Each structure stands twice: as C-alpha cells, then as structure tokens.
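Build out the structure end to end from the sequences listed, making use of the hints.
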Amino acid sequence: MGLSGVIEFAVAAAAVVIALGVMWWRDARGHSGWDDLFDPGMPELQDQIARKFSAEERAARSFGERFVAGLVPGRVQIVGRFAVYARILAAAAPLPGRVRERVARLRATFPALTDQPSGSDALAKLDAEALDACRALTAAAERVERGGVK
Amino acid sequence: MDPARALVGDLVGVLMFFLLAAIVARRRYRLSWSFFAYVLTVFVSDRLQRAVPATFDTAAVWTVKESLIGWLKVVVVAEIGLLTFSRLPRGQRLLWRVLVMLAMLGFVAMLAPASLPRGASTIPWVSLARGQAAVLCLLATVVVIAAHYQVPLHPFHRGVLVGFALYMLGYAGAIACARTLGYVPAYRLFLAMDPTAYAATVGLWAWTAWRPDPVPTPAARVLHPWAYPA
Numbered sequence: 001m002g003l004s005g006v007i008e009f010a011v012a013a014a015a016v017v018i019a020l021g022v023m024w025w026r027d028a029r030g031h032s033g034w035d036d037l038f039d040p041g042m043p044e045l046q047d048q049i050a051r052k053f054s055a056e057e058r059a060a061r062s063f064g065e066r067f068v069a070g071l072v073p074g075r076v077q078i079v080g081r082f083a084v085y086a087r088i089l090a091a092a093a094p095l096p097g098r099v100r101e102r103v104a105r106l107r108a109t110f111p112a113l114t115d116q117p118s119g120s121d122a123l124a125k126l127d128a129e130a131l132d133a134c135r136a137l138t139a140a141a142e143r144v145e146r147g148g149v150k
Numbered sequence: 001m002d003p004a005r006a007l008v009g010d011l012v013g014v015l016m017f018f019l020l021a022a023i024v025a026r027r028r029y030r031l032s033w034s035f036f037a038y039v040l041t042v043f044v045s046d047r048l049q050r051a052v053p054a055t056f057d058t059a060a061v062w063t064v065k066e067s068l069i070g071w072l073k074v075v076v077v078a079e080i081g082l083l084t085f086s087r088l089p090r091g092q093r094l095l096w097r098v099l100v101m102l103a104m105l106g107f108v109a110m111l112a113p114a115s116l117p118r119g120a121s122t123i124p125w126v127s128l129a130r131g132q133a134a135v136l137c138l139l140a141t142v143v144v145i146a147a148h149y150q151v152p153l154h155p156f157h158r159g160v161l162v163g164f165a166l167y168m169l170g171y172a173g174a175i176a177c178a179r180t181l182g183y184v185p186a187y188r189l190f191l192a193m194d195p196t197a198y199a200a201t202v203g204l205w206a207w208t209a210w211r212p213d214p215v216p217t218p219a220a221r222v223l224h225p226w227a228y229p230a
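Those sequence lines, one after another, are chains A and B. One point on numbering: in the numbering used here, the residue at position 149 of the first sequence is 149, and numbering is uninterrupted. One point on numbering: in the numbering used here, the residue at position 218 of the second sequence is 218, and numbering is uninterrupted.
Treat the hints as calculated values from the structure; they're not laboratory data. Hints may contain errors.
Said to hold, decoys possible - Partner residues aside, some chain B positions facing chain A, computed with beta carbon under 10 Å: (1) VAL108; (2) ALA109; (3) GLN132; (4) ALA165; (5) PRO225.
Computed from a predicted model, the values in this text were never measured in an experiment. Ideal Cβ positions, reconstructed from N, Cα and C, are used throughout, including at glycine.
Pasting the structure below:
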C-alpha cells in the first residue's frame, strides 16, 4: 500500500472518529445555547436574573465582603453562559457594542471581587454591566429569529 | 455476474427502493435535493449494471460511476452544511470558505505521487482512496463547525452524515486492502465487502427517512425554517 496509502486511510479514519466523536459529545451535552436564546421564557428569565441580582446586592450591603465572595461562583457561571451566547450569535452577525469583549472582561473581573474591600459597590456595577450584556444578547437573538441579519 | 454478488446487489436494490419511497413519501427531498439525486443515481446505475452487465458491469463504466457518485457526495455534504447555517450568514460564509479550501487541498492531494497496487489495474484505486478521505474531511468540517456554533443538525441530515461516515470508512479500508493485497485477489474481496457495507448503510438511511422526526426544539424551528415551513 505504501506510505501514501497509510496516510490516506489514516486521514479518512481520523475524519470519521472526529465527526462521530463530536456528534456524540454534542448529544451528551444535550441543550444548546440557541435553545436558551429562543426559549419563549427568556424575557421572564432575564427579569428573574435582574431581581436575583438586586436582592443579592441588598444582602451584600448588609453582610459584607464574605457574602460577596460567596456570590462570585454563581456570577462566573452566569457570565460563562453569556460568553457561549456571544460566541454562537457571532455566526449570525457581529454583536453590537463590543459585547463579546465586555462579557470576557466580566468573566475576568467577577473573581477579583473577593479581594476588594468595597465589594458590594463593585458587585452592583458589574451586575449592571452583566444585565446590559444579557439584554444585548437577547436583542441579537431576536434579530436572528425575525430573520433581520445580513 | 457472480450469483452471490447478484444476490447482494438485488438486496441493495430492494433497500434502495425503500429508501427512495421513504424520501418521496416523507418528502425528505425538501431536506436535501442532492441526497435524493445521489440515491437516484446509485439506484439507476446499479440496476443498469444488474440488467445489462455486458455493457455496464465493466471497469471503465464503474470508474465513471464512482467519480460521479464521489462528486455527488461532495455536493450532499456541502448542501447539508449550507442548509444547517441558512439563518447564520457569517457561519455559512466561514463554512463555505473552509470547504472550498479543503476541496482545493483535496484536489492538490490527488496529484501527489503514490505507490501503485501490484498487478495491472484499470481501476484508479489511488484517486478513489484520496477522494474518500477528502469527502470525509469535508464531512468532519461541517460537523465540527456546527458543533462550535452549537447549531443543531436536522435528524435526517445527521443520519445521512453518519451513514456516509461509516460506509466511506469501510470503503476506504476495502480500497486499502485492494492496494495491499494486489488487484486480482483483492478485487473479489472488495466486491464482497463493499455491497454488504452499502446494504447496511442504505438500511440505516431508509430507517432515518421513514421514522417520524422528533418534536423540534425552539432552536431547530428558528434555525431550520426549510424543515418546518409554517
């Protein structure tokens, strides 16, 4: 068969393994970011997130830095989902207002709250930016749904 | 024609008839016109080969048929990719650029030198093997880019791609055996392996075409309007 034949078969086998492996991996993950973005309950979920942030900010003012530190993992997880939405929405059209950069900055900035003495003020500021990013992402998803992208 | 080969060929013909019937009855042609063209081409050419072997069961005709079918596979994979990204123009443009680049690389790879199989052969084993590898790379590209953007594959498209992936890997392996063992002993082995693997693949496609689709997710309804017309 020769070296070229071995390479050809290896390339074919690798392509099949990659294709089937990726399909299996996607099936294992199940739910996709698009399912979240096009869920009819997304506006209500946004309101719930805003109310949750507001309640936790009030509690942070009372309980201090340790309470803020406890909120950081949850914030990082939420902003992590926003980063996924920003990545997949980029397949439709460029996102307005540099949303992707803002979400990436939030992912790096939220963990730093644990080291800040005025954590509750910083938390409120970052929460406001996160909610702005969420609204921008939802608006971009609505444009895809209406078919208004070029 | 060898009786065993004729029997397997007839089995494949029956399965392909069921597949064509499913594609028409379930209107799967709306999901991929090129796959419908591919199945029709294979069915007609196989029946001609069976009916008039003196004319159509020759190495030259087989080579032309395989070349045409190879290009149809490229079109099927490209159509599935472009339909998957039909509502996502940037992703579609990225996919198109990558597919064109890979197709050009595949064409250049066809020109690379290769060792020829032992014994005289009029069948272009090297081109066939490289063609399979090239189409499989295109297929993997569509799957990977769709996964990167979390765009769902339509269940029918997914079945088509899985069938192609498994069959073409087996086909590439059969070609590898032919090139290793030499033309005469390997050709009969190839003729035994290939129709059997293809029969299994056609059975998978027929099942995929007949079974009802699952309830579409919100993402599928928005991103695949061609599959769920209002």
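Numbers of unmet hints, in rising order: 1
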